[in-house]
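Q: Spelled out, the chains give:
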Amino acid sequence: MKIRIKFSKGGSMKFIGHLDTMRYFQKAMRRADIDIAYSTGFSPHQIMSFAAPLGVGITSEGEYLDIEVHSTRSTEASLSALNAAMVEGFTVKDYRRLKDDSKTAMSIVSCADYTLTFREGYACPLSPEALREGLHAFYEVPAEIPVIKKTKKSEKTIDLKQLLYDFQVLEDEGDEVHPKFYLKLSTGSLDNLKPEFLMEHFYRFLGLDLKDFTFQVHRLDVYTGDKRNGFLSLNDMGTVIV
Amino acid sequence: MSKPALNDEILLTIDQPARYIGGELNMVKKDPKAVDIRFAMCFPDVYEIGMSHLGIQILYDMFNRREDVYCERVYSPWPDLHSVLKKQNIPLFALESQQPVRDFDFLGITVQYEMCYTNILQILDLSHIPLHAKERGEDDPIVIGGGPCTYNPEPIAEFFDLFYIGEGEVRYDALFSLYKICREEGQKREEFLRQAAHIPGIYVPSMYEVAYHADGTLKSFMPKYADVPARVEKQIVVEPDEAPYPARPLVPFIKATQDRVVLELQRGCIRGCRFCQAGMIYRPTREKTAERLKEYAKEMLKSTGHEEISLSSLSSSDYTQLEEIVNFLIENFHGKGVNISLPSLRIDAFSLDVMGKVQDIKKSSLTFAPEAGSQRMRDVINKGLTKELILEGAGAAFAGGWQKVKLYFMLGLPTETKEDMRAIAELANDIAVRYYEIPKDARNGKCQITISTSFFVPKPFTPLQWATMHTAEEYIEKARIVNDAVKAQLNRKSLKYNWHEADVTVLEGVLARGDRRVSAVIERAYEKGAIFDAWSEYFRNELWMEAFAETNVDIGFYTLRPRALDELFPWDFIDAGVTKDFLKREWETACAQKVTPNCRMQCAGCGAKKYGGGVCHENQD
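Here the protein sequences come in this chain order: A and B. Sequential numbering of the first sequence, starting at 1, is according to the numbering used here. Sequential numbering of the second sequence, starting at 1, is according to the numbering used here.
Derived from the structure by calculation, the hints contain no laboratory data. Mixed in with the good hints there might be a few duds.
[Stated by the list, open to error] In silico DSBU-like cross-links for lysine-lysine, where the CA-CA straight-line distance does not exceed 30 Å:
#, chain 1, residue 1, chain 2, residue 2
1, A, Lys93, B, Lys29
2, A, Lys211, B, Lys86
3, A, Lys27, B, Lys294
4, A, Lys211, B, Lys87
5, B, Lys87, A, Lys27
6, A, Lys103, B, Lys336
7, A, Lys27, B, Lys302
8, A, Lys27, B, Lys255
9, A, Lys93, B, Lys302
10, A, Lys27, B, Lys336
11, B, Lys302, A, Lys2
12, A, Lys27, B, Lys3
13, A, Lys2, B, Lys255
14, B, Lys294, A, Lys93
15, B, Lys29, A, Lys27
All chains should be built: construct the whole structure from the sequences, respecting the hints.
A: Encoded structure:
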């Protein structure tokens, strides 16, 4: 049977890359006695796949991995077993059963949302009001936002308007000096848009220079679906096991 | 979670930031303010190598069982971070608390190979600790060295306050107690070191005086004070079953070299190969019981989640309960997502059977280490393996479906002739012949025989410690002779030959049998930028050659000079168990091309019996 696991990754664990995170979870499954299924052959590996790799340096409270198991305990019991096997910085937040014919998370991811805060030592260049005005002119007014995206092999023009589903300036309560941004972006194998790429274009639009490391990027959740029919959190596709 | 010592900008710019953040599974967390002793345990190489070392895991676990000690870890920053730390003047920090090493009570450095000596200086330099022990003040950590290279600590003696000779499990409690008393009584660093010299196994270089003859050889090596012992005795665990072993070893996030549970079967080796330092300094052979190992296996697989378990020892085939432990692992874990990785076992019916069960025969290869090509040469080094045994083992393996064989040899052994060198190629050819004797329809295409040679480096406390070495050019010539011989073999298309660098060999030779004067070379080489010398991509021989020239140290004195049988060696003040008389006897027996039986066949009277345990006292109750 198929299981979807939701976890968060924070603190220093943001420096653990995707492949090492996978290795970490493979060992965690064994420590937590999850009855995970293995491939056959001389070097069997666990049947496990991640939804959307998280870049090094990014924190998240909405990461997903799908596994296949022979049997399972309840959501509650599995959560406590997995969390007993975690290190500080990783927390397993949900463990749900998927329908047997479900596609892997990786193949259905369509978007993710993020908050971007100014990293320690990097000041916000404008007031929240000015940022909001700029954002209005950059994002809300135009019908399309064509930009050039360079890949290793080619250059192509893409329309940010089509790939950016939400963009807001938020303020932490009682802290006007440090506004933050909320972004909801196209994610997945097609039309993947990185938060930093978007911010670079926004800064350029404002006539500002975006320094490396300005933002701490934090992923909130990962979704399937589309703009027209609505997005669905990957977590909501599973059912709680009692 | 401790806030990283490095900021995001640095961590996101360097390679593998996970090397420097700590936080791994089973990491010990303590309040540094709530302990009496802070110990920084260092392996002076990159994280992935250092984290794979069993000894550190054992001591880390053992020290942290004490409530009054917090043991943390330090590894060599990779050259990319090295430059950043230098440029921004950031002091080197320990992984657990992310706090500077300089503020610790002890910095313990395990010295596993000679080519890490410049990395030791890097650790001191980046920690902002004076390189020379004599320049350190009351606030600097006590720098302590241990590990196999400290059986000749002299080339690095200037850089250490003290050395611990032997197995760490035995005397650290005494050292920590002494440290606490000295501190409570407000005693100075010097007073602590003086008293530490009284603890068996502890060597304090500054308490000894060295004099040389006009020809440069050692004249005398004496304690400066009457209360300091003239000889330092190796410490060993007599009952390995009772020694502490880490049930919850650290599990790194990034893939370490040893990414698996390691079961230590035994310490020591009964074989007595005359080139092998480990086989001498870890005497006597002491086994753990299979029962204890089974408990560890279960517990450690559970606590780590590792998907692989391997056995560790110098010669696993000599472990008397090997079949029992291997069968236990196969029955309990094979097919349950746990790979069983076997160390290089002697090839026989049993080992072929278990390898057939746990490995993919088509992909795996068999390993033989004849170490020398001719029987004469093997007799000199006391390597019991005969050509018949090798061919028999290879034949059985080929019949079982294997077709890849790896062969390891050494070049530059004492008394070696061109015939001995060519015999390496001939032995490999004979193995191939054995393969092609199998009828064509019963075999699986060609066989692949890989020959690797390294150059022999004489090590202290081995019977070959009197041997002379060669120049780099001579070594390369030896490899060329083997290469030509390989090309002349009938089955040359099934043979592949690899050989090692010669420059490193010469340097290793100087460092292995060097004296205190060699420390100036190491320091100069480091100043010139030598670092990570064990990594071929960073090793720069020219820096070392300049360092020798500028410090007026003659390489040939250490490598090419014949050593007299009665010469006083820089390491002779250490009692490593094996006596100098035994080593002399063995050196003479080697030169006479005679073998010495292994410890279980007949006691050779090496001196290790005095420890009161292990193979010396087997079946004698």
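Q: Each hint needs a verdict: does it hold in this structure or not?
A: Verification of the supplied hints:
1. A:Lys93 / B:Lys29: Given pair Lys93 of chain A, Lys29 of chain B holds - Cα atoms ~24 Å apart, limit 30 Å.
2. A:Lys211 / B:Lys86: holds (24 Å)
3. A:Lys27 / B:Lys294: Holds - the C-alpha atoms of Lys294 of chain B and Lys27 of chain A are around 20 Å apart, at most 30 Å.
4. A:Lys211 / B:Lys87: The hint holds at about 21 Å.
5. B:Lys87 / A:Lys27: Status violated; Cα separation ~38 Å.
6. A:Lys103 / B:Lys336: holds (27 Å)
7. A:Lys27 / B:Lys302: Holds, at roughly 10 Å.
8. A:Lys27 / B:Lys255: With Cα atoms ~12 Å apart, Lys27 of chain A and Lys255 of chain B stay inside 30 Å; holds.
9. A:Lys93 / B:Lys302: Distance of about 23 Å is within 30 Å: holds.
10. A:Lys27 / B:Lys336: holds (13 Å)
11. B:Lys302 / A:Lys2: holds (24 Å)
12. A:Lys27 / B:Lys3: holds (25 Å)
13. A:Lys2 / B:Lys255: holds (28 Å)
14. B:Lys294 / A:Lys93: violated (35 Å)
15. B:Lys29 / A:Lys27: Holds, because 21 Å separates the two Cα atoms, which is no more than 30 Å.
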